[in-house]
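**Q** Listed here are the chains, written in short residue letters.
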Amino acid sequence: QKEVEQNSGPLSVPEGAIASLNCTYSDRGSQSFFWYRQYSGKSPELIMFIYSNGDKEDGRFTAQLNKASQYVSLLIRDSQPSDSATYLCAVKRGFQKLVFGTGTRLLVSP
Amino acid sequence: GAVVSQHPSWVICKSGTSVKIECRSLDFQATTMFWYRQFPKQSLMLMATSNEGSKATYEQGVEKDKFLINHASLTLSTLTVTSAHPEDSSFYICSAKEDEQYFGPGTRLTVT
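Chains as they are written, first to last, in my numbering: chain A, 1 to 110; chain B, 1001 to 1112.
Hints are computed from structural coordinates only; laboratory data are not their basis.
Accuracy of the hints is not assured; some may be wrong.
[Claimed, not checked] Between beta-carbon pairs, the in silico distance windows are:
1) A/LYS56 to B/SER1009: 28 to 34 Å
2) A/LYS42 to B/PRO1086: 21 to 27 Å
3) B/THR1112 to A/GLN1: 35 to 41 Å
4) B/THR1112 to A/GLN70: 41 to 47 Å
5) A/GLY94 to B/VAL1003: 24 to 30 Å
6) B/THR1082 to A/GLN80: 39 to 45 Å
7) B/SER1073 to A/TYR71: 37 to 43 Å
8) A/TYR51 to B/SER1015: 44 to 50 Å
9) A/PHE95 to B/VAL1003: 20 to 26 Å
10) B/GLY1061 to A/ASN22: 26 to 32 Å
11) B/ILE1012 to A/ASN66: 44 to 50 Å
[Unchecked claim] Heads up, incomplete: computed chain A residues facing chain B, CB under 8 Å, no partners named:
12) PHE34
13) SER43
14) PRO44
15) LEU46
16) LEU88
17) GLN96
18) LEU98
19) PHE100
20) GLY101
21) THR102
22) GLY103
Fair warning: this is a prediction, and the values are worked out from it, not measured in the lab.
The beta carbon of each residue, even a glycine, is placed where N, CA and C say it ideally should be.
Make the full structure from the sequences, and use the hints.
**A** In structure tokens form, the structure reads like this:
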């Protein structure tokens, strides 16, 4: 079992819809969770991090964490074509290291 | 805030030569920087953790004598790929830790 698992996609949504990206992790002791966006040929950009169970909202983005189910998700409201990218879920291992999933490719069609 | 730069952004070198990549935190001090490698259509793989003033910690399977890391100051870490071979061609990305990890723009290395 991979430490961080994501569906590779692509996830296709029409412009203006809600995109829902999911991630599961295997280490029940994990405390910190991150979502990065990576455009093709570019490096990852931190979008959100979440430490506590529940929802955390930042603009059009909402991260949701359920530690009991070992599940973290990212919702993107009012999706735009510019949101088309690969979204990487990462879990902090120990104090510093990040373990990344393979990413979900999101395609937002006009 | 939390801006990280890398230089060069891309480099082409011949097999057997060495290449140095710089990673700088521009607006904060980073006692810890990380070096990742990403092959096409794959996720980021951590190569090593670089700590200012001490030796880097390498991940399992990463050759420390091939990938030399120097973290000489709180704003600069360097990765030197020694005796590069075509299989070392990849996208090398550094990150620097302020509160969380922020990534540099990456260096695309092509070894011919």
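**Q** If a hint holds in the structure, say so; if it doesn't, say that too.
**A** Structure-based check of each hint:
1. At about 33 Å, the beta-carbon gap between A/LYS56 and B/SER1009 stays in the expected band of 28 to 34 Å.
2. The beta-carbon spacing between A/LYS42 and B/PRO1086, approximately 23 Å, falls within the hinted interval of 21 to 27 Å.
3. Taken as a hint, the range 35 to 41 Å holds for the pair B/THR1112 and A/GLN1, whose Cβ atoms sit roughly 39 Å apart.
4. Hint check: B/THR1112 to A/GLN70, Cβ distance near 44 Å, so the stated range 41 to 47 Å holds.
5. A hinted range of 24 to 30 Å holds for the C-beta pair A/GLY94 and B/VAL1003, which are about 26 Å apart.
6. Separation of B/THR1082 from A/GLN80 is about 44 Å and conforms to the stated range, judged on CB atoms against 39 to 45 Å.
7. The supplied range of 37 to 43 Å is met by B/SER1073 and A/TYR71, whose beta-carbon atoms lie about 41 Å from each other.
8. Between A/TYR51 and B/SER1015 the Cβ separation comes to about 45 Å, which falls inside the hinted range of 44 to 50 Å.
9. Distance hint check for A/PHE95 and B/VAL1003: the Cβ-Cβ separation is about 23 Å, which falls inside the suggested range of 20 to 26 Å.
10. For the pair B/GLY1061 and A/ASN22, the beta carbons lie near 29 Å from each other, so the given range of 26 to 32 Å is met.
11. As the Cβ distance of B/ILE1012 to A/ASN66 is approximately 46 Å, the hint placing it in 44 to 50 Å holds.
12. The beta carbon of A/PHE34 comes within 7 Å of a beta carbon in chain B, closer than 8 Å, and the hint placing it at the interface holds.
13. Using the Cβ-Cβ criterion of 8 Å, the hint placing A/SER43 at the interface with chain B is satisfied: the shortest such distance is roughly 4 Å.
14. At a threshold of 8 Å, the smallest CB-CB gap from A/PRO44 to chain B is about 5 Å, leaving the interface hint in force.
15. A distance limit of 8 Å between C-beta atoms decides the matter here; for A/LEU46 the minimum to chain B is near 6 Å, and the interface restraint holds.
16. Interface hint status for A/LEU88: upheld, as the beta-carbon distance to the closest one in chain B is roughly 7 Å, under 8 Å.
17. The interface hint given for A/GLN96 is met, as the beta carbon of that residue sits about 6 Å from the closest beta carbon of chain B, less than 8 Å.
18. At a threshold of 8 Å, the smallest CB-CB gap from A/LEU98 to chain B is about 6 Å, leaving the interface hint in force.
19. Among the interface hints, the one on A/PHE100 holds; its C-beta lies about 5 Å from the nearest C-beta in chain B, closer than the 8 Å criterion.
20. Annotation: A/GLY101 was flagged as interfacial toward chain B, and the flag holds, the nearest CB pair being 6 Å apart, inside 8 Å.
21. At a threshold of 8 Å, the smallest CB-CB gap from A/THR102 to chain B is about 5 Å, leaving the interface hint in force.
22. The restraint placing A/GLY103 at the interface with chain B holds, with a minimum CB-CB distance near 6 Å, inside the 8 Å limit.
The structure fails none of the hints (numbered hints given earlier).
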